[in-house]
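Could you build the full structure based on these sequences and the hints that come with them?
For the sequence shown, counting from 1, position 5 maps to 5 in the working numbering; every step adds exactly one.
Some clues are possibly wrong.
Unchecked claim - Distance windows between CB atoms, simulated:
{"no.": "1", "residue 1": "R69", "residue 2": "D10", "range": "34 to 44 Å"}
{"no.": "2", "residue 1": "E70", "residue 2": "I26", "range": "33 to 43 Å"}
{"no.": "3", "residue 1": "R7", "residue 2": "I75", "range": "17 to 27 Å"}
{"no.": "4", "residue 1": "Q67", "residue 2": "E11", "range": "29 to 39 Å"}
{"no.": "5", "residue 1": "I26", "residue 2": "I75", "range": "15 to 25 Å"}
{"no.": "6", "residue 1": "A63", "residue 2": "E11", "range": "15 to 25 Å"}
{"no.": "7", "residue 1": "E70", "residue 2": "P8", "range": "31 to 41 Å"}
{"no.": "8", "residue 1": "D10", "residue 2": "Q67", "range": "31 to 41 Å"}
{"no.": "9", "residue 1": "P71", "residue 2": "T2", "range": "11 to 21 Å"}
{"no.": "10", "residue 1": "A73", "residue 2": "Q5", "range": "18 to 28 Å"}
{"no.": "11", "residue 1": "G21", "residue 2": "A59", "range": "12 to 22 Å"}
{"no.": "12", "residue 1": "E70", "residue 2": "S20", "range": "29 to 39 Å"}
Rather than coming from a laboratory, the hints here were simulated on the basis of the structure. Using N, Cα and C, we set each Cβ at its ideal position, and we do this for glycine too.
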Amino acid sequence: MTTVQQRPYDESVLQRLVDSGMHPVIARVYAARQSASDDGDGLTSVCMQPPMRDLARAAQRLARAIQRREPIAVIGDYDAAI
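Structure (structure tokens):
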């Protein structure tokens, strides 16, 4: 059986990310990974990778697979830098 555990996170970091315009789900991930840092002026900076090439095309393909109930494989690289 798979067990899902939530990482603890700083609520104030989460709120600052959301207030800066980040989607709450993504903000929760970043807050839990502690990849957000205070710049000293009250603003929050987040280390993010540049957008992936053909991201919109990939999203459309994924949406189509979901609509058609096609199998989807998710492969992750756990040592990727954030």
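Against the structure, the hints:
1. The supplied range of 34 to 44 Å is met by R69 and D10, whose beta-carbon atoms lie about 39 Å from each other.
2. Between E70 and I26 the CB atoms are about 25 Å apart, so this pair departs from the stated range of 33 to 43 Å.
3. Separated by about 22 Å at the C-beta atoms, R7 and I75 satisfy the suggested range of 17 to 27 Å.
4. Between Q67 and E11 the C-beta distance comes to about 36 Å, which sits within the given range of 29 to 39 Å.
5. At about 20 Å, the CB distance of I26 to I75 agrees with the hint of 15 to 25 Å.
6. Hint check: A63 to E11, Cβ distance near 32 Å, so the stated range 15 to 25 Å is violated.
7. Look at E70 against P8: about 36 Å separates their beta carbons, and that is inside 31 to 41 Å.
8. Under the hint 31 to 41 Å, the C-beta atoms of D10 and Q67, about 38 Å apart, fit the expected range.
9. Under the hint 11 to 21 Å, the C-beta atoms of P71 and T2, about 18 Å apart, fit the expected range.
10. As the Cβ distance of A73 to Q5 is approximately 23 Å, the hint placing it in 18 to 28 Å holds.
11. Taking 12 to 22 Å as the suggested C-beta distance range, the pair G21 and A59 conforms, at roughly 19 Å.
12. E70 and S20 have their C-beta atoms about 36 Å apart, which keeps the hinted 29 to 39 Å range intact.
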